[in-house]
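Whole structure, please, built from the sequences with the hints as guidance.
If you're matching them up, the sequences are chains Z and L in order.
If you're matching positions, the first sequence starts at 1 in the UniProt record's numbering and goes up one per residue.
If you're matching positions, the second sequence starts at 1 in the UniProt record's numbering and goes up one per residue.
Check the hints yourself; a few may be wrong.
[Stated by the list, open to error] In the DSSO-like style, the derived pairs of lysine-lysine whose C-alpha atoms are separated by at most 30 Å in a straight line are: (1) Z:K255 <-> L:K271; (2) Z:K176 <-> Z:K44; (3) L:K183 <-> L:K267; (4) L:K110 <-> Z:K176; (5) Z:K102 <-> L:K271.
Since the hints were made in silico from the structure, they are not lab data.
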Amino acid sequence: MDADIAVRATNVSKIYDLRNKDNQHRTDSSRFYALKDVSFEVKKGDVVGILGTNGSGKSTLSLLLSGISDIDSGTIEINGEQSLVAINTGLNNQLTGLENIKVKGALLGLKKKRIEEITQDVINFAEIGDFLYQPVKKYSSGMKSRLGFAISLALNPDIFIVDEALSVGDRGFAKKCMDRMMQLRDDEGKTIFFISHSLDQVKNFCTTGMWIEGGSLVEMGPVNEVAGHYSEYVEKMNAMKGPEKRKFLDEKFRKRLLPKEEKKSWWKRLVS
Amino acid sequence: MFTAIRYVIRENFSNLYRIYSISKYELLADMRDSKFGIVWNFLSPAIQVLTYWLIFGIAWNRKPVEVNGITVSYLPWLVVGYACWWFVQPCITNGCNAIFSKVNVITKMKFPVSVLPATVICKEFFNHGCMLVIALITLLACGYYPQWWWISILYYIFAAFCFVEAVALILSVLTMLWRDIRKLVVSLTRMLMYFSPIIWDCQFGAHVPFARYINLIMKLNPVYYLVNGYRESIFYHKFFWNHPAQTLCFWVIVLVLFAIGCMLMYKFKKKFIDLI
Numbered sequence: 001m002d003a004d005i006a007v008r009a010t011n012v013s014k015i016y017d018l019r020n021k022d023n024q025h026r027t028d029s030s031r032f033y034a035l036k037d038v039s040f041e042v043k044k045g046d047v048v049g050i051l052g053t054n055g056s057g058k059s060t061l062s063l064l065l066s067g068i069s070d071i072d073s074g075t076i077e078i079n080g081e082q083s084l085v086a087i088n089t090g091l092n093n094q095l096t097g098l099e100n101i102k103v104k105g106a107l108l109g110l111k112k113k114r115i116e117e118i119t120q121d122v123i124n125f126a127e128i129g130d131f132l133y134q135p136v137k138k139y140s141s142g143m144k145s146r147l148g149f150a151i152s153l154a155l156n157p158d159i160f161i162v163d164e165a166l167s168v169g170d171r172g173f174a175k176k177c178m179d180r181m182m183q184l185r186d187d188e189g190k191t192i193f194f195i196s197h198s199l200d201q202v203k204n205f206c207t208t209g210m211w212i213e214g215g216s217l218v219e220m221g222p223v224n225e226v227a228g229h230y231s232e233y234v235e236k237m238n239a240m241k242g243p244e245k246r247k248f249l250d251e252k253f254r255k256r257l258l259p260k261e262e263k264k265s266w267w268k269r270l271v272s
Numbered sequence: 001m002f003t004a005i006r007y008v009i010r011e012n013f014s015n016l017y018r019i020y021s022i023s024k025y026e027l028l029a030d031m032r033d034s035k036f037g038i039v040w041n042f043l044s045p046a047i048q049v050l051t052y053w054l055i056f057g058i059a060w061n062r063k064p065v066e067v068n069g070i071t072v073s074y075l076p077w078l079v080v081g082y083a084c085w086w087f088v089q090p091c092i093t094n095g096c097n098a099i100f101s102k103v104n105v106i107t108k109m110k111f112p113v114s115v116l117p118a119t120v121i122c123k124e125f126f127n128h129g130c131m132l133v134i135a136l137i138t139l140l141a142c143g144y145y146p147q148w149w150w151i152s153i154l155y156y157i158f159a160a161f162c163f164v165e166a167v168a169l170i171l172s173v174l175t176m177l178w179r180d181i182r183k184l185v186v187s188l189t190r191m192l193m194y195f196s197p198i199i200w201d202c203q204f205g206a207h208v209p210f211a212r213y214i215n216l217i218m219k220l221n222p223v224y225y226l227v228n229g230y231r232e233s234i235f236y237h238k239f240f241w242n243h244p245a246q247t248l249c250f251w252v253i254v255l256v257l258f259a260i261g262c263m264l265m266y267k268f269k270k271k272f273i274d275l276i
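See below:
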């Protein structure tokens, strides 16, 4: 792979199983493309804003990019270390803020020395003051998010994947996070995948736009162009009347269903 | 198969600090929940042993256990065996939940899943330490003083560690595939306790048909080997090389279980998120 390419995805598909009405495991035709035949290429230092309506596969893509989930077909090549910014994950409610820095740091795989190094930065960035010595269960949700976000930033991967992470905390903190992200973008030249429903944020922050709809990649290009097309689409959807919209959504859903496949029991999955 | 084993071992050894931190802070979090914290880690096994002793030792008037001419009264005999079980049992039942209880973590960040069983075991290992202290106090109170051959218990602690790690690897993956496994295992461990020489010596009398064969099968049970080993190192001045056949059998079982666990872990390491 060329050295200046950060991520290259070729014909990536991800398939989920659906349950039927009785919440039974799998029935005959219930397999579903979360992502279908997505191909793209992202250069190093690119900041990609991922747009799409709810359930269009953005988060699935972020899971695939961060290497948490496995793809069903196609390939993803990734140049460098990637990490998903997860805010509230790994915080333990019983422990104090300070202990949580250590817990989450360890969960993220930081070494002991590195955790000691970052502790002060995290405290400064999160601005939680004397609450540092209170158990996290007493924190307000904004405070918790600030702590979590501050710890996540201590990682130093080449590729950041931010899934709806900046819509937390008050505006002051949101701005601080944005500034920090911009610093990562401009000074350190990180590749960033940025998922957000705030079009303004995406337009301000990203250089490239990627629009995913119904599990397929619709458009990828300069962010303003893509964002423009996307908001047109959203307005068109909003303008639709009830039955028309339902028909449209049904159609979209049906396109993502998979043709019938032989039923596989968990036992077969185990031995296969 | 060997790639799987190498993968699991490497992942575990390169994340030692992660394992240590996770288990340490989980223990801490448990203690914060209650007012007396660490006291319970000592008190609950002590109460448990006391119960068995009162019922089986006092109420049913169990005679001192005699093996090869060495007689040991029931309380010290029980406490040593129970120390082992107090480690094995929670490791098996909590091992089932090792991955499932961390679902919110493994779905949100890149995480070496195969270290999770080890974190549960390290956490229980601390409790095992507490239990060993209780056992030591009881032994001293009953007039057994430390001897040099007691160190052979270290071998059995290590053996127990390997055994529960292998079991937890398998069960944690199976629980993700099939949630019922945990309930099944919780019931089966209760049964296992009575088929291991923990509160009785697990020898069927001659009036039971095929008693000889049943007793032989009993000895294949890895827990039998461990509990017996704990006792032999304390009371009977015997080492593991005194039972070559049983030792071999135990390690074969452990290695096979470990290999199966590694293969399962390797196969499903990226699939867990779809199995929630």
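Against the structure, the hints come out as follows:
1. Among the hinted pairs, K255 of chain Z with K271 of chain L is consistent with the structure: their alpha-carbon atoms are about 25 Å apart, no more than 30 Å.
2. Restraint check for K176 of chain Z and K44 of chain Z: the C-alpha separation of about 24 Å stays at or below 30 Å, so the hint holds.
3. Of the supplied pair hints, the one linking K183 of chain L and K267 of chain L holds, its CA atoms being roughly 24 Å apart against a limit of 30 Å.
4. Straight-line distance between C-alpha atoms of K110 of chain L and K176 of chain Z comes to about 25 Å, which keeps the hinted pair within the 30 Å bound.
5. Proposed proximity of K102 of chain Z and K271 of chain L is supported: the alpha carbons are some 28 Å apart, at most 30 Å.
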